[in-house]
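One letter stands for each residue in the lines below.
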Amino acid sequence: MRIPVIVIGAGPAGLAMSHQLMENGLDHVVLERGEVANSWRIERWDSLRLLTPNWMSGLPGHRYRGDDPDGFMTASEAATFLDEYQRTFAAPVMTHVAVERVERTGQGFEVTTDAGLWQCDAVVAATGASSEPRIPVLAAEMPKRIEQLTALRYRNPSALAREGSVLVVGASASGIQIADELRRAGRDVTIAIGEHVRLPRSYRGRDIYWWLDRIGQLDERYDEVDDIERARRHASVQLVGSEDHRTLDLNALSESGVQLVARLVKVIGTTAQFSGALANLAANADLKQTRLLDRIDAFVAATAFDGEVFSPLRPPPTRLATVPTELDLSAFSTVIWATGYRPSYSWLDPSARDHRGRVAHDGGVADFAGLYLLGLPFMRRRGSNLIGGVGADVADMCTHLRGYLDVRARSRGGYSVTR
Amino acid sequence: MTQTNTPMVDNGVNIEAIRGARQALTDAPAAAQFQWRAQCEWVRGTHSRTTVSDFFGLGQNHAHRQPYIVEADHPEIFASEDNGATPPEIVLAALASCLTAGVATVASNRGVQLRSVTATIEAGMDLQGILGIDGDVRNGFDAIKVTYDIDADASRSDLEAIVAQSQKRSAVFDIVTNPTTVTVGLA
Chain A
1 MRIPVIVIGA
11 GPAGLAMSHQ
21 LMENGLDHVV
31 LERGEVANSW
41 RIERWDSLRL
51 LTPNWMSGLP
61 GHRYRGDDPD
71 GFMTASEAAT
81 FLDEYQRTFA
91 APVMTHVAVE
101 RVERTGQGFE
111 VTTDAGLWQC
121 DAVVAATGAS
131 SEPRIPVLAA
141 EMPKRIEQLT
151 ALRYRNPSAL
161 AREGSVLVVG
171 ASASGIQIAD
181 ELRRAGRDVT
191 IAIGEHVRLP
201 RSYRGRDIYW
211 WLDRIGQLDE
221 RYDEVDDIER
231 ARRHASVQLV
241 GSEDHRTLDL
251 NALSESGVQL
261 VARLVKVIGT
271 TAQFSGALAN
281 LAANADLKQT
291 RLLDRIDAFV
301 AATAFDGEVF
311 SPLRPPPTRL
321 ATVPTELDLS
331 AFSTVIWATG
341 YRPSYSWLDP
351 SARDHRGRVA
361 HDGGVADFAG
371 LYLLGLPFMR
381 RRGSNLIGGV
391 GADVADMCTH
401 LRGYLDVRAR
411 SRGGYSVTR
Chain B
1001 MTQTNTPMVD
1011 NGVNIEAIRG
1021 ARQALTDAPA
1031 AAQFQWRAQC
1041 EWVRGTHSRT
1051 TVSDFFGLGQ
1061 NHAHRQPYIV
1071 EADHPEIFAS
1081 EDNGATPPEI
1091 VLAALASCLT
1101 AGVATVASNR
1111 GVQLRSVTAT
1121 IEAGMDLQGI
1131 LGIDGDVRNG
1141 FDAIKVTYDI
1151 DADASRSDLE
1161 AIVAQSQKRS
1171 AVFDIVTNPT
1181 TVTVGLA
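Heads up: the sequence lines are chains A and B, in that order.
Heads up: the first sequence runs through residues 1 to 419, numbered per this note's numbering.
Heads up: the second sequence runs through residues 1001 to 1187, numbered per this note's numbering.
Since the hints were made in silico from the structure, they are not lab data.
Any given hint might turn out to be false.
[To be verified] List of simulated lysine-lysine pairs, DSS-like, C-alpha gap at most 25 Å:
#1 A:Lys144 - B:Lys1168
#2 A:Lys288 - B:Lys1145
#3 A:Lys144 - A:Lys288
#4 B:Lys1145 - B:Lys1168
#5 A:Lys266 - B:Lys1145
#6 B:Lys1168 - A:Lys288
Given the sequences, and given the hints that come with them, work out the whole structure.
Now the structure itself:
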């Protein structure tokens, strides 16, 4: 079958792109390995909620219309929200079609799936930023007795080995949320902390994302920052979306009895060694938080916003008691790797990938003509990987894609891709 | 935050050269492979003399402008002659000087003119470790504390950020805070 555009993945980015393509009259199909919003259904832990408030979950042509705009959707509510979105414009999604290979041919791309072969002119990879867990190589050094799982496989406290302490490695959103949940379930929990980004859930009476949106931070473009590679590598913010809108930071974790240690750097026998640099990393995260809150205060002052917001109440600096640099793993039953995720393009033409499997791109336009990426952190804007941030990206991307198809059509002599 | 319009400051750091080197080594990662060397000669008792004279980097050997000598010994209360700093003190000197070089570099990169920078460094050690009195006590420091006193044209929070960044880019900070595989053997 031949079609101008194939979108891979029916999550927020893939559906938003489909909507945009439809608005532009561009014929396409969305291939999805499972159901719409598949990873929201099967690759999230049970209690997970979005980090952004409901009012931000706007996609092109679809907004949240529930009665709790300031609340946070659960993963299954997010899946339902995307189901509704798909139905509103009858997105041409083919579910349970797994893409096995995408190869460049003389005529464009050949897409091999477990349900047949497609030809197309352009491919949009909307498979997300979290296809695979990143696991440090020292995982192999862990005592064999210890159960290991990743944040992608973690479901709830009762699914873990029943006895023993738990080491959560990584203190971004996933790590702190899992450590907190396990502690609340009565487990002995230690969390290993590397470079991290902290922000309060709310500030001056408003949700932190309300401020990030308001001061324009989420719209910062990828070609406007000093070092985009570094910005893209940043860990996700220590935040949780919860019914009580609480702040979950290292102070909250240590107050609840979670033991804080620095980055896990070595495992020798049953001894785990941790870096001695946590004080520096915590000070750095505190400084960056202060800088952002200063920016919000400056915005408030400059826009005469004062009457409408509370006075500034700064979160206290990270308190660190004596932080051990060594732990005996004998008492531990479980290690959870919350050490980040990465996209997977293993199905993609090897010539489109570098030696580490990554696809070089300029704001989502791959250095491989006709290939487009979506949903990656800071892909085009700081908010690129948020549900509410994908709309602006697909508009840009569709414009580029349309230009690409037109050039191809002209060079082919009149074949029109536009219905 | 890196400033794009860096004001002219003179801390004696050639920032343009450092930025150039960063770019050059990004493009040619093989040239970034360095090897540092030292030679230590026993003198007498606990007194030793370490000479550093050459190193490898950018694909070739380089000589220091002149050989540098570090004298190490133990103090008289250990029945030694105190011909030099103790090895742990030399580690502290290495850490403080590495961080201080970082402070100067980061400050220059951010356009901050420094007038004076003093690092005070303290580190506790329980001698029951190296003397083998208590097997549960480690040989090394129990903790290290570095305190900076900086006089510069910058706010306290900017100086805090400079000090934080100097740790992030410091070799010796990494060496003392993270484990390193060490092998010691006979030639």
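Hint by hint, here is what the structure shows:
1. A:Lys144 - B:Lys1168: Distance ~34 Å between Lys144 (chain A) and Lys1168 (chain B) Cα, so the pair is violated.
2. A:Lys288 - B:Lys1145: holds (22 Å)
3. A:Lys144 - A:Lys288: With Cα atoms ~39 Å apart, Lys144 (chain A) and Lys288 (chain A) exceed 25 Å; violated.
4. B:Lys1145 - B:Lys1168: It holds: about 16 Å lies between the C-alpha atoms, which stays within 25 Å.
5. A:Lys266 - B:Lys1145: holds (24 Å)
6. B:Lys1168 - A:Lys288: holds (14 Å)
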